[in-house]
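Novice: Whole structure, please, built from the sequences with the hints as guidance.
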Amino acid sequence: MNLNYAFMLKDIPVVLSALPLTLALTVISMALALLLAGLMGACRLKRIPVLSQVIVVFNTFIKGVPLVVQLLLCYYGIPLILKSMDGFLGYTFDPKNQSYFAFACVAFAFNYGAYMTDMVITSYEGVDPGQSEAAASVGMTRSQTLTCIIIPQMIVIALPNISNYFMWLFKATSLASIVNVFELLSVARASTADNYAILEGYLIAAGIYWIICIVVERLLNSLNRKLTSHDRRPSVAAVTEKVQVS
Amino acid sequence: MFRGSELFTESLAELAGYVPVTLFYFLVPTAVSFVLGWILCLIRSGKKNVLYYIASVFVSFFRGTPGLVQIYLCFFGLPQLFDLFGVDINSWDAGIFYIIATCCNFSSFVSEAFRSGCKAIDPGQIDAGYSIGYSRSQCFFHVIMPQAMEIALPNLKNLEIDLLKGTAVAYVIGVTDIMGRANQIINHHKGYGQIWILLAAAILYFLINVLVEIVFSLISSHNKKYRRAAA
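Those protein sequences? They're chains A and B, same order as listed. If you read the first sequence in our numbering, its first letter stands for residue 29, the second for the next number, and so on. If you read the second sequence in our numbering, its first letter stands for residue 1497, the second for the next number, and so on.
No lab work stands behind these hints: they were computed from the structure. Take the hints with a grain of salt, since some may be wrong.
Unchecked claim - Below, in silico cross-link-like pairs of lysine-lysine (BS3-like), each with a Cα-Cα straight-line distance of 27 angstroms or less:
1) A:74 <-> A:91
2) A:254 <-> B:1653
3) B:1543 <-> A:91
4) B:1720 <-> A:111
5) A:124 <-> B:1686
6) A:91 <-> B:1544
7) A:91 <-> A:199
8) B:1653 <-> A:199
Said to hold, decoys possible - Anything over 12 angstroms on all C-beta distances counts as not near chain A; from chain B, calculated:
9) 1502
10) 1527
11) 1556
12) 1559
13) 1561
14) 1577
15) 1579
16) 1657
Just so you know, even glycine gets a beta-carbon here, dropped at the ideal spot from N, CA and C.
Specialist: Take a look at the structure:
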């Protein structure tokens, strides 16, 4: 294939310059999604009458609709909401200066928040009830029990899932190029506008995504191993290994 | 608001005509990936020869890069690749490029699901298969494959739903499925009522998803009949 190799080498730093924005999009969306998942999971675990049913319906709908459609809905819909809020509490709507980054964050946060709500619920149920009884027996308050006993254990249980979702989200941020966010993929495309070397640009983008994916996956796996190393319960992997040995 | 709901029903009727197209882009990769996924799975659980490393890099690449990038790479790269052999495929429909990219992507994910299913099979089952005189291929088709599929079923369901939702991305290279048609309608209306058109598309996707979910729950309840109660 007659690829323009000189251009490819020159283009790598240009595409890499968009990596911080892609990572920021991933991390901010992930943090928002975790927050949302925590809130929605708490509502469902507490069985708050109307709210928990609304959350179930809402989450089911979100899980059944493609992410692109949600991104476009946020892209077209949020400005309408902001417009109707013009003049409210001194807020002024500026149609020429909209943060498409924030709109994409909202879409990602709701999409992944819906998936992670189930994760929050299962990991909460995965914590041994004896743990909170033990905490109560040493005189901890309800909030102390939650922050010092239950949530740390929930994180350890949920971490493999969280890292999976993180990788999915990192790859999904490429979709934000459709809604005017200048992340890695759209920068890769824009950088090739001068000489129509579109394929070269996309190859570089693919390479960067691939490398980052492998590196982040390694990091998350080692973090996961570190966190579970002092777990007294036999992990699933250890159990299956034992089965194979015997 | 009234015109909005009118636009909604209009575009819902229009987009419903494109449901078969989306189903086509969903079912073809499913069928191809079933075969290709098993081939990749078998290569990756066999001896570590050249084929093994090629398959591993293939799977790693298609799992480690976004589907959107793969679609673009196929769309812009394959014509250049075929050009080397003097074949001109520039006139091919965009849908073909989407299907090629998605087949590679989806079979990588499916092969991993099959592989974890294979690992979970009791080795005694395979020994039992050989002990009644099955050949290697008979053992694979009658013992390993059905059991691995059953174990991988919940995983497969999630992947299939992701695949279905992923078809919406195809419109970026000009495929006219539900989302592609919705995008065309949006462009016709020049900055008015996009929300209603997108909501119509969202509802159609949701209904197809419900259908897929029902099919999978039928399969798993069918399988349940043959499962022995846990001792």
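Novice: Confirm or reject each hint.
Specialist: Right, here's what the structure says about each hint:
no.	hint	verdict
1	A:74 <-> A:91	holds (22 angstroms)
2	A:254 <-> B:1653	violated (31 angstroms)
3	B:1543 <-> A:91	violated (39 angstroms)
4	B:1720 <-> A:111	violated (54 angstroms)
5	A:124 <-> B:1686	holds (17 angstroms)
6	A:91 <-> B:1544	violated (39 angstroms)
7	A:91 <-> A:199	holds (17 angstroms)
8	B:1653 <-> A:199	holds (20 angstroms)
9	1502	holds (18 angstroms)
10	1527	holds (21 angstroms)
11	1556	violated (7 angstroms)
12	1559	violated (8 angstroms)
13	1561	violated (5 angstroms)
14	1577	violated (6 angstroms)
15	1579	violated (8 angstroms)
16	1657	violated (8 angstroms)
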